[in-house]
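These protein sequences, in sequence, are chains A and B. Quick note, my numbering runs 641 ahead of the 1-based positions in the first sequence. Quick note, my numbering runs 641 ahead of the 1-based positions in the second sequence.
In short, the hints are calculated from the structure, not lab data. Just so you know, not all the hints are guaranteed correct.
As the list claims (entries may be wrong) - Here are a few chain B residues that face chain A, going by a calculated C-beta distance under 10 Å:
(1) ILE650
(2) GLU652
(3) LEU797
(4) ARG803
(5) GLN817
(6) LEU825
(7) LEU834
(8) ALA937
(9) PHE947
(10) ALA976
(11) GLU1086
(12) GLN1091
(13) PHE1109
A virtual CB, placed ideally from N, CA and C, is assigned to each residue, including glycine.
Single-letter residue listing:
There are 2 protein chains.
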Amino acid sequence: MASPPPAAIAELKAALGPSGWTEDAQEIAPWLTEWRNKWQGHTPLMLKPGSTEEVARAVEICARHGVAIVPQGGDTGLVGGQIPYGEVLLSTRRLRAVRDVTPLDDAMTVEAGVTLLEAQQAATAAGRFFPLSLAAEGTATIGGVISTNAGGTAVLRYGMMRDLVLGIEAVMPDGQMFNGLKRLRKDNTGYDLKQLLIGAEGTLGVVTAATLKLFPILRSRATAVVGLETAHAAIELLATAKAETGGGVEAFELMKRIGVEFALRHVPGVREPLDSVQPWYVLIELTSGEPGAAEAGMERILEAAFDRGLIVDAAIAQNETQVRDFWKLREEQSAAQKPEGGGWKHDVSVPVSQIADFLEEATAAVERFEPGARVSAFGHVGDGNMHYDILCPPGGDLTAFLGRWQAGSEVVHDIVAKYDGSISAEHGLGRLKTAEARRYKSALEVSTMQAVRLAIDPKRIMNPAVLF
Amino acid sequence: MASPPPAAIAELKAALGPSGWTEDAQEIAPWLTEWRNKWQGHTPLMLKPGSTEEVARAVEICARHGVAIVPQGGDTGLVGGQIPYGEVLLSTRRLRAVRDVTPLDDAMTVEAGVTLLEAQQAATAAGRFFPLSLAAEGTATIGGVISTNAGGTAVLRYGMMRDLVLGIEAVMPDGQMFNGLKRLRKDNTGYDLKQLLIGAEGTLGVVTAATLKLFPILRSRATAVVGLETAHAAIELLATAKAETGGGVEAFELMKRIGVEFALRHVPGVREPLDSVQPWYVLIELTSGEPGAAEAGMERILEAAFDRGLIVDAAIAQNETQVRDFWKLREEQSAAQKPEGGGWKHDVSVPVSQIADFLEEATAAVERFEPGARVSAFGHVGDGNMHYDILCPPGGDLTAFLGRWQAGSEVVHDIVAKYDGSISAEHGLGRLKTAEARRYKSALEVSTMQAVRLAIDPKRIMNPAVLF
């Protein structure tokens, strides 16, 4: 990546004023890496625009000079899509306004730098619910979760971020402002341009604000952990739970015993969820607008599941503390691996009906490829999405093991492809997986994406190393 | 539109064989117009490919010769997007297979020519529910409802067609096959190309098959008609209904007294829905997975609404016959206008909170523009979507009145624009509204759509007169 011409740097500084940029290495440092320390980027300049107009001015200058930009929100992405390697870093974190909340429209408009947690809180304050929820929600920003089409724990009921956006405001790659902040539920007047920007990982423009869908606050909620002998049983259980509740399943999260053990070993406060030890666990959460319906539905599901032999143990949370305990066990699955030495991580999806077959086949293949490796699979099985992580054999050479990540990933991803799955279900491609994705995408898909990108960003200044 | 070169016609005929095309004027005639008789097109050739491969062969030949194509499904579109004026007509009606239904994935894959009703039936046969529903469902095809991003009566709970598609197979404008028939719930590996094809009105390729989302069959359903003094009260009632049921409102359809009168007058079997006569009516339908919950929720809503003075009369359907009667009243709102002499029709949306203000302002403006004109507003008010139809004053000169349609529409649409609304909520732009849409779209939106289209269809052979 060539350095930006000094004239461009000077023009950017003048346009944004002293509070709108920094070259201070110490201030910039935290934004050049992320929590896994997998990336260590560099940038000549970090821009900190304070308004959409300032974003537009900055992008226009970069476009005119052919200067590449990496947009960044809360820097919680896991695939390096937000890390500059010589590009100008454009932070949206100063775009902090909740512009409006209109409960009668079940809508609110927030700027890109508002965190996901703050957005949830703004909705709650207006008597509504914003459902997107993920472990990094205190730091992840709305601009980031839109640009990566984030998923999380409530996708089963509410969909991914793509499904939760009514309108978008963005600065296009030439610096023009796209004002698509509609509060409409229906609008069939040409191509839906916001759909292009969602999940584009910053390659088609900078999202500066969005109008989000809100939902009623549900009065009834029931949370349980069940123990199962096989992952196949989990798929049958999911179908039972959907049928019994008619769409009331909000979360359906699978965990393997080994992941539960990691959490028990390394995370203070984590408890055994059941009296017995089981090969597989599922955390089920039901919600309903009807008072008492989630609780009644959970009883029906568990009774039917015991009768059919799908589950062998179960515990329904009796109070908020138990709900938190169950969720803590689930949410710490990733962090609890770290003290075990790290591993090859995968964020894959397959059709729900194929999850158990995929797990069996992939695990057998991994054991052949890397004898002794430990597979910790967990995640949003209700969406067909597993975080499929492979840890170094106990006592193995960690550095050598990590060196085989790419080859090991190909073993896993080839099986994902066999099941018509995705090698990045919710994290995106970023710098990490763009090259590998070419292995699985058709030439037509890649060339169509490239043609669309070229049409919108002819100078390819927006996050040039990311996507095709 | 220049006639296709004879060599192209010959090549198309040879490629598709005798059952794959027709020049028979009598066979073609019904497909050159639609039920409102607003359009009367013409075509040199109607193609009837029997497989995706045949569609691909036909499009490739057209692309090579620069021959324009209008794709057509069930020919139920209301804006002329499916009517050729010199283009080759490509019918997808012979693509008739239900390729698979996989209940554990809550998914099914059907070809473009399957009707919406047949798709619903295939889902039901597998113990699942496909929610898209609209008056023309016995004739409208899956390819058509995808290409127009159709809405209908269950959008409030399940979304528009865009929200119900997991994967798409299509033939691109150069004849290449795009195989995007995924059964995945989550896939973040680049731009979501299927989102471009949905709602593109056949301008970016021919949809040949799709994988659709299925849902549990809900056990509990309650239907009521209520009478209200104002449209403002309907908006408050909607918020109450959502809060009381936590998302259980499946349909919320507003009707004005005049439309009810038209139906009573002209449609055999339509009955007064209430004992009293009211200025406004809402048909509410609740569904729930919890046995008895919809019925209980309806009681709660109506009680709260009476207490707050939002409604003045109500009738809950006591049996299937009454449910059908209530829906018949709603579904005949459009057809019942025809014997009154036809009118200026509008399919508009505004933010839900603005519906009542919009109705007041637009009706006042229409009365100034066309004294004596009768406004029949009805529709999916839960989505902010109204079919806002203006009928000739009784005894007025119908031909002269219809001649003022465009000027009258501008009066309505300018007020829609003032409320940040859409001039085509669910019908699309087609030939009817493309030119008018330029009045309300920003230059940036139009130029971005044009750039994307040029990138995907550089020869502009796909439905060239439709969209920008």
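Right, here's what the structure says about each hint:
| no. | hint | result |
| --- | --- | --- |
| 1 | ILE650 | 28 Å, violated |
| 2 | GLU652 | 23 Å, violated |
| 3 | LEU797 | 8 Å, holds |
| 4 | ARG803 | 7 Å, holds |
| 5 | GLN817 | 5 Å, holds |
| 6 | LEU825 | 5 Å, holds |
| 7 | LEU834 | 6 Å, holds |
| 8 | ALA937 | 7 Å, holds |
| 9 | PHE947 | 20 Å, violated |
| 10 | ALA976 | 22 Å, violated |
| 11 | GLU1086 | 7 Å, holds |
| 12 | GLN1091 | 9 Å, holds |
| 13 | PHE1109 | 6 Å, holds |
Comparing the model with each numbered hint stated earlier shows that hints 1, 2, 9 and 10 do not hold.
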